[in-house]
Every structure is written in C-alpha cells, then in structure tokens.
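Go by the hints and put chains B and C onto chain A.
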Amino acid sequence: MALDKAEVEKIAHLARLHISEADTEEVTTRITDILTLIDQMKTVDTESVEPLAHPLDMVQRFRADVVTETNTREQLQDLAPESQDGLYLVPKVIE
Amino acid sequence: MIEKTVAELSAAMTSGDISSVELTQSYLDRIHKANDSLNAFITVCDDTALEQARVADKSRAQGNQNPLLGIPLAHKDIFCTTGIKTTCGSKMLHNFISPYNATVVDKFNQAGVVTLGKTNMDEFAMGSSNETSFFGPVRNPWDLEKVPGGSSGGSAAAVAADLCAMATGTDTGGSIRQPAAFCGVTGFKPSYGRVSRWGMIAFASSLDQAGPICKSAEDAALMMNVMAGIDLKDSTSADREVEDYTATLSDSVKGLRIGIPKQHFTEGLSADVEKSIREALREYEAAGAILKEINLPNSHLSVPAYYVVAPAEASANLSRFDGVRYGHRCDNPLDLEDMYKRSRSEGFGDEVKRRILIGTYALSAGFYDAYYRKAQKIRRLIKNDFDEAFKEVDVIAGPTSPHTAFGIGAKTDPVTMYLEDIYTIAVNLAGLPGISIPAGFSNDLPIGLHIVGPDFGESKVLNAAHQFQLFTDWHKAKPAAKGGI
Amino acid sequence: MEWETVIGLEVHVTLATKSKLFSGSAVAFGAEPNTQANIFDIALPGTLPVFNEEALRMAVKFGLAIDAEIGKRSVFDRKNYFYPDLPKGYQVTQLDFPTVGKGSLTVTLDDGSERTIGVTRAHIEENAGKSLHEDFSGMSGIDLNRAGEPLLEIVSEPEIYTAKEAVAYLKKLHTIILYLGISDAIMAQGSMRCDVNVSLRPKGSDVLGTRTEMKNINSFKFVEKAIYSEVERQKDILEDGGSITQETRRYDADRDETSSMRSKEVANDYRYFPEPDLLPIVIDDDYIEQVRATLPELPDAKRARFCDQFGLSEYDAGVLTSTREMAEYFESVATKTGDAKVAANWVSGDLQALLNKNNLNITDSPIKAERLTDLISRIKDKTISGKIAKTVFEAMADDSSSVDEIIESKGLKQVTDSGEIEKLVDDVINNNPDQVQQFKDGKEQVIGFLVGQAMQLSKGKANPGQVNQLLRDKMK
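Protein sequence lines correspond, in order, to chains A, B and C. Read in numbering that gives the first Met the number 0, the first sequence has 85 at position 86, and its numbers run on one by one without any break. Read in numbering that gives the first Met the number 0, the second sequence has 111 at position 112, and its numbers run on one by one without any break. Read in numbering that gives the first Met the number 0, the third sequence has 240 at position 241, and its numbers run on one by one without any break.
Chain A on its own, in the form it takes in the complex (with noise of 0.2 Å):
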C-alpha cells in the first residue's frame, strides 16, 4: 500500500515525531516498502481465525492492595530535564 507525503505527516504528528521537509520522500518512500512487506498477509485468509494477542496462555496475576512504595522523588526528579518545587516542568499546557 503506497502511502503519501500527507499521511506520513498524519502519522508522524500522532506519534509525535518531527521530519523534515527533506526528508518526507524518503521516509514515505521506505514506509511504503514496508508496508509492501506487511501486505503479504493479504494472501492467507483468516476469516476465521482467532487473533493471538499474547503467545503466553495464562491469566493475570494479582497483587494484593498494599502500600510497598516509598518517597523517592529526588533521586528520580534528578533524572529530569526540568523541575522545580517537586514538580516537572514543561511548556506550557495549554488546554
């Protein structure tokens, strides 16, 4: 399936990922190879086939509602680009 320049920027906007201008025909021109890869499973029917999610047959384990965490937040927040007051900045949000 050939996508184009506009879908790719689609795209590239949810996933929030910059590509510039001169790059779009190259990367439209790689993902559509891909996508020509990809559109082999068109050749089998699968009508009926039940989709596997998850290659483990099992169900989820459960944890027991108590409190096993601690405050850490100065060692994680000195990780982070930006913070001030405990919190993490960012630009900002506008709603």
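Worth double-checking, as some hints may not be accurate.
What the hints assert, rightly or not - With a cut-off of at most 20 Å between alpha-carbon atoms, the simulated SDA-like pairs for lysine to any residue come out as follows:
#1 K129/C with R60/A
#2 K17/C with V66/A
#3 K412/C with G459/C
#4 K91/A with S130/C
#5 K41/A with K90/B
#6 K17/C with R60/A
#7 K382/B with E46/A
#8 K71/C with H17/A
#9 K4/A with E350/B
#10 K41/A with E350/B
#11 K91/A with K202/C
#12 K202/C with E1/C
#13 K91/A with M260/C
#14 K9/A with K214/C
#15 K382/B with K4/A
#16 K71/C with R56/C
#17 K214/C with I93/A
#18 K90/B with H17/A
#19 K9/A with D337/B
#20 K41/A with K382/B
Note that these hints are calculated values from the structure, not bench results.
Only chains B and C this time, still in chain A's reference frame:
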C-alpha cells in the same frame, strides 16, 4: 584463560588455578585492547568489576560454590543497572542512569558474577546488524568489515572475541540468535515468560525475551539456571517451576526426533549455509537422532506479521520517551508540541522512528483490522503450525540465518534487513525457546544452527545443542586464529 | 419545532484503594507533589504493571449493585495519546472487554415517579496526573501523584432526557458508590468527575442528533446548569437552521455558558490495542459470589425495608436512606427505642438541622445514635417532656455528657410528684378565674391556655398530661 567456557573457568577458580580478580583483570585488559576496534562495549566498569571480583574471591574462600561466582559477564545495554549508564544504544538515553536494577541484573548480582560493563546494541534493539546504535556500529571479530548481527551484536562480539566469559542479550525477532550465528557463539532465547522482563527496556512487550550469549550450550544452561523464574514484578513471567537446565544436558540424542522445516531450505538460503546445516543434521543422525521433514506452511508470513506486531507495540512502548521526566530534551522548545517533536526526533535514530511510524500507522483508525488484527490472526496460524509440528517432533532444526555476516553498510534498505530474521522471527511470534550454535564456516565466517523447542522446552533445546557440541568443535573455533583481531 | 434532549453521562470515580492500580505507590489525597510517583508511575523504561486486585473487587461490587453483567474475562488496552500528565504516553483502560457490562439503576424524580436508566458499562482504568498552570518561569508543573490511581468509568446509556433526570441519576450513583464504600466520590476533590454528552433531536425522532461533550463538571448543580445552558445553545443553532459541531466544550459556571475547547488536535486517534504487559483478568462464579457476599444492603432495598418494617412513608424512608451512615444511625435509634416514628422525626428533623447548620456529616455528629436513643427513652419514660427534650438536645450538641447528666445538671427533670402538680394547678385556678369560668361554661379549648400557665410556672418541667388531667378534675 579468557577463551575458556564458564564451566571451565568455574572449575579453575574452584581448584585455585586462578582468582576472579586475576580473571577480571585479564578481561578488562582484553577489553581495553580490543574494544577500540570492535566497539562492543558502551560502558566498561573497571573499578566496580574488580571490587565485585574481590568480593567473589572472598565469598569463594568462605565456601560459596555458586558455579557463576566471580565469572566476568557483560550486560546488553538494555538492562537497567544502578550506578552504570543504561543507554539502550540511543541518544535518547545517552546519559541515563537507572535508579533500579533489572531482575536479570539482580539475579546475576546475587549469583556473585562480576559485571564488566554494558554492551553495544542496535538502538532500542531495533536492527539486525548493530548499525543503528547511537554509539556506532559493532564490528565482527571474525572480520572487522562485517557486521556482528543484531540487535545483541555487542554481546555476541564480546563473547566471540573473549572480552567477557558470558553476556546477556535480548531477542524480539532473532536478536540473540542471529548475532550468535554471525559471531560463532551460542545464543539462547528462552520461551516467552521464562525470564523476567522487569528492568529490560521494552521494544515489543509480547515478543521480547532475555537470554544468554556464551561459548557453549552448557554455559547457556548455567546462565539460565540463574536467569529463569517467576518474577511478581512482571505479570507476563510464567508461574512454572524452573528446571535445573544442566541436569539433562548429557541425555543422549538417540531417538530424538528432529523436524526439518522444508520452508527453511528454499531459495534465499545460501548454498554454503545449507551445506553446513545439512552436515550438522547428518551429525545428529549419526548420533541416533531421527530427522523428519516438517511443514510450517505460514512461515513466509512471519516477517510481515512481525513488522506489524513489533512496531505497533514499540510505537506505544516508546511514547514514554517524551523529554519530560528523563532522557533527552531538545534545547529551547517553543511550546509543548515542539518539545515533544524535537526531543523525540533528535533522541531517536532513523530506524526507530521508522518503526514508530509503521506501528502508529498499523494501529491508526481505519487500518487496525487490516494490519494489527490481521497480524494477530497470522500469529495464531504460525503458532498453530508449530503446535502441529511438535506433535511429531521433539525439536525443530535449520539455519539461524540465510547467510553469514554481511558487510558493514551493505544493507541500506530496511526491507532487505528485515528479511535477515526470516528463520528466527516465527519463534518469537509463537513464544518458543530457540538456540543458535556454531555449525561451520563459509569464507571464514561462522554459520549458525538453529534449534527450536516447544513451549517451555528449554531443557530439550539445551540438551540437543550440548550434545552437538560434544561431537563437534565448531564452538571452540576462535576468531584470533583466523586473523580477526 | 419541539425538541427532545438526549443526555449521556460518563462518570469517573477514584476507587478507594490504598495503593495504585498497577504499582505499590500510595494514593493519599493532598500529598506533596510527586512524592507518590515512583519508578513505575513516572514510566521509567523497563518498569511493568502489576494489577491491584482490590480495584477488581470494587468494580465487581459496583457491577453487582447495579445488577450488571460481570465480565468473567476482562482485558486491558492501551489508549495512546501524548500529554505531559500521562507519563507512559498511553492510558491503560478496558475497551472491548470491561469488567462491568450492562446494568441499570432506578432513580426517583421530584414528582415521586421512578425511572430506570441503563448503564452501558463500567471499566477499570488508570488516572492521569495533574498539570499545574501557575507560572513556573513561563512553564507548567506536572504532578504525577494521581497518575495511576484506579478509576472506574461508568457510562450511562443515552437515555436521560432532562437535566433533573441527569442529576437524579448522578445522586443515585453517588449514593450507591458511598454505600459500597468503593470511593469517597467527592466531586470537589475530583474523586468523582462527570462528563456530560448532550444532543437534541426533533421530538418523536429515534435518531440521535450530533452531541457535544462537556468534561469534568465538578458539582451536581453545575451539571444541571450546564445542561440547561448547552440545550439552549443547541436549540438556538438548530432553530436558525444551523448544525451542531461534535466537539468538547467547557462549562464556565461564572458566566453560565459553554464554550468550545477549540483543541488544536486534529481528530483524536487513540490507536487502542491490547496491553501486552498485562494478561486477561479471568474470574469465575465463585469469585463473583464471594464478592456478592460482601455487598451491604443497598439503598433501594433498605428504603423498602424501612417502609415495611418501620411503617415509614416513602419520603421519610428515602431521606433516611440517603446515606448508609444515616440509615444505620436511624435504624439503631429506631430499634433501641422501639419507636421508629419518633426516631425518624428526630433524625430527619432536629438532627439533620443541627448537622446542616454546622455543615457536618452524620458520622461527625456531636450527638451519636446512643445518646439520641437515651434522649428518646427519657421522653418515653416521662423523665422529660417532648418540649424539654428539645432543650436537652440543644445542650447535647455542645456537651458530651450523658443525657441523664445534662437533665440532672440543668434541673430539667419532669415534675411528676402529684403534690407538687396539685399545688401548681391550684395556683393556676386561683390566678385565672375568668378562664376557669369559660371552661366551666363549655369552652373546652381554654384548657390549653391553663395547661400552658401551669407549664410556665413549672418552667416546663411539669408533666403536661398530669397537669391537664388534674385541671379537669378540679374544674369539674
């Protein structure tokens, strides 16, 4: 000494022939000598390694008999380690120091291993050549102009060139087995759920699995004895008893039914590789195994389905890298949108971005059924194929890769690169255990034999691989002897 | 044209667990920013979710309370979008296989009529963090304490037709949730939030019109007002021949109007897919029955029982079962005093007034059920009169002593000594010859005045029945 297997080193330390400190120093010396040309390590931990070695020696003196005590190991840089950078081969995390350890790391620490450092890898484990690493490509010790395979290329190259006794790797579509094949070492991917994924940076959650890269199947069994087991922090880790994987290594292969998928011996497989694999299979036959051709009719769909499932999961798994709480943030963002887009575009390399885009597309409105759901259905067909096959055979064997290591920079087209994993990917989709062991050479480059077992049949796979290594010595060949480094 | 309003409500309640949905972090309200945001909650690479069973139990409880289908196999999905308060870049929720399926609840409207409103589903999901918009050198601050708290999202069928019905539905939901104890459900603190979908259609049509959504309205009153306001706006547009844009709107309570959020986001495309870090939750009938066994008596059942067992009116029973605590309070007093009518009057009258005046919950009442029981018992054993009881009640609000101590210390004990009462009666007869004559002439109602005089003389302590009887005897 550094060329020896874990089992041999363990014996040497027990008998007092060598201490962990001496051994560790030897590996460190080797790393400092060879890493410039191999680029197998991103981070080397001289001081802490020697400290761990001293502790191990003391512990051994006090009677600790853990077989891995004091053995120098390297972790793929995808496992979170406190106090040591965890980069995942990406600019995004080039300075990231995790505040917690992966369960695999904790388990090796508890066993008393010495951590030499962290190995290079394809960025976020996305690649089959180790060329996508932000820290530059790893070189194959057998031929420095060739790739080591990927994504665990650093680990495979480090083991092959004796920069460590053993290493960890992860395998989402072949990332342990293919580099093991290219570098002439043993690489084992356990069943999905056998080893905890806690602390292992996720690429594709339903496919990722950690495993050993080492010099023999016996070493893989020793490592698996440490790595395997339920972890309550990972909901997808299996609640099944862990066997002693060394216990059954010496079982005979007499009567072992080996399935040979006819789809793995068709066009695309290089003649040299086919020849070596056929010979390897004859060795098994000679040892009493029964060869049986089997049919995996949907195996040609595994690469297409994988390149939907893995990128889809990855597209979500990599959303957390947004420049807010850790990792790379762009300079002077204009606004929130700009911060997201530039941080992510600067932090991720081309292949990672490509896969995020593919995954985003496959999940987007209007395409979900045609791509994601379809891929899951094919995943079911592939699993069914294996289930059918394992009704008739005990293991399945064939080539790990269609050819030997290719040149650095030789494959620029992603689709060609994706087809590298044509024999390994189905195993991840089905969640099965698989191993690659050395089985010959072509033009002085190693060839890997791929052995796959049924769900949680790790013992059977390791046993079959070990037996092969008893009657062949491909795994003992060393690149230095062949004019590598 | 006549229009019909169609309303659908999506209510989020924070489940009252001790720890988060997928991590062992605390969920205390009002903690310092990010002190409850640990490695999983801030989405450090390599971390994985582990499911808190208590959230499941609470969701199942809710499902059973609204007579819903319980999902024996529920599946978590990832809902993908970027927002700084969403650390993983996706929210874990349940799309196709929620824990709670179709159910319903019955609401009573102001005119006493009842309506049953369908609940489409209720699913478990995780909360996002909070963006603080105060100025941090031109930036926003992100607090992830709330991120990963367990939520239950309860989705109604679009079959609510008036703002009043919407409020009645919300109040009923609120009551049930508090009865179950699965959430504090405090709208002002955000532990209960409401998104309102509103559309109009020509009366008689069965096709839904284009809807707008108003998110995070934080009081019942504002829900009502927002609906009125949005209905008017839509009506104006439609009657002018315009069409409604499907969008999210914000309700501004100060101006009593809604306005478009004008989100720059093209169209949301959440790219849901099954969460591969979690496996399906599978429960069986035994599990469901075990949860059922922990259900309290629910408001409808309690109300019916109160009517039946205590002979209360529907209205009184409704008031007294409006919260589980009030119902328990009332039932304790009614049972111990053996007089449900009197208990009902005290609880819904004086006690409620006292609580309202001091803005207290019944659990914080200065007068506990035991003391009110004692007070009523003193009326019944004639230690005090009903009137004096009011004085005692007022004193009890500020004085934690026992009822008897208060009666004693204030000297409020009813005078029943016949000699003392006789003296009072004699005084009254002597001091009011005109009225005595009128009574004797057959003006029966004068007795009230005379009893009043006697009571006044006794400072209210005389037993009015005794006074009445003695007056009649003496004036024969």
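- Task: Mind checking the alpha carbons of K17/C and V66/A for me, to see if they're no more than 20 Å apart?
- Result: The hint holds at about 7 Å.
- Message: Checking one constraint from the list: CA of K71/C to CA of R56/C, max 20 Å. Satisfied?
- Response: 12 Å, holds
- Can the restraint linking K91/A and K202/C be considered satisfied, given a maximum Cα separation of 20 Å? It is violated: about 45 Å lies between the C-alpha atoms, which goes past 20 Å.
- Is the straight-line distance between the alpha-carbon of K41/A and that of K382/B 20 Å or less? Holds, at roughly 18 Å.
- Query: Does the alpha-carbon distance linking K129/C and R60/A stay inside the 20 Å limit?
  - Reply: Violated. K129/C to R60/A sits at ~29 Å, over the 20 Å cutoff.
- Is it true that the CA of K90/B sits at most 20 Å from the CA of H17/A? 16 Å, holds
- Query: Taking only the CA atoms, is the gap from K41/A to K90/B under or equal to 20 Å?
  - Reply: 37 Å, violated
- Take a quick look at whether K17/C and R60/A sit within 20 Å of each other, Cα to Cα. 18 Å, holds
- Item | Agreement of K9/A and D337/B with the hint, judged by alpha carbon distance not exceeding 20 Å | 15 Å, holds
- Within 20 Å, alpha carbon to alpha carbon, are K9/A and K214/C? 26 Å, violated
- Item | Proposed proximity, E350/B with K4/A (alpha carbon, max 20 Å) | 18 Å, holds
- Straight-line alpha-carbon gap K202/C to E1/C, limit 20 Å: Answer holds: K202/C to E1/C is near 6 Å, not above 20 Å.
Hint check: violations occur at hints 1, 5, 8, 10, 11, 14 and 15; the rest are consistent with the structure.
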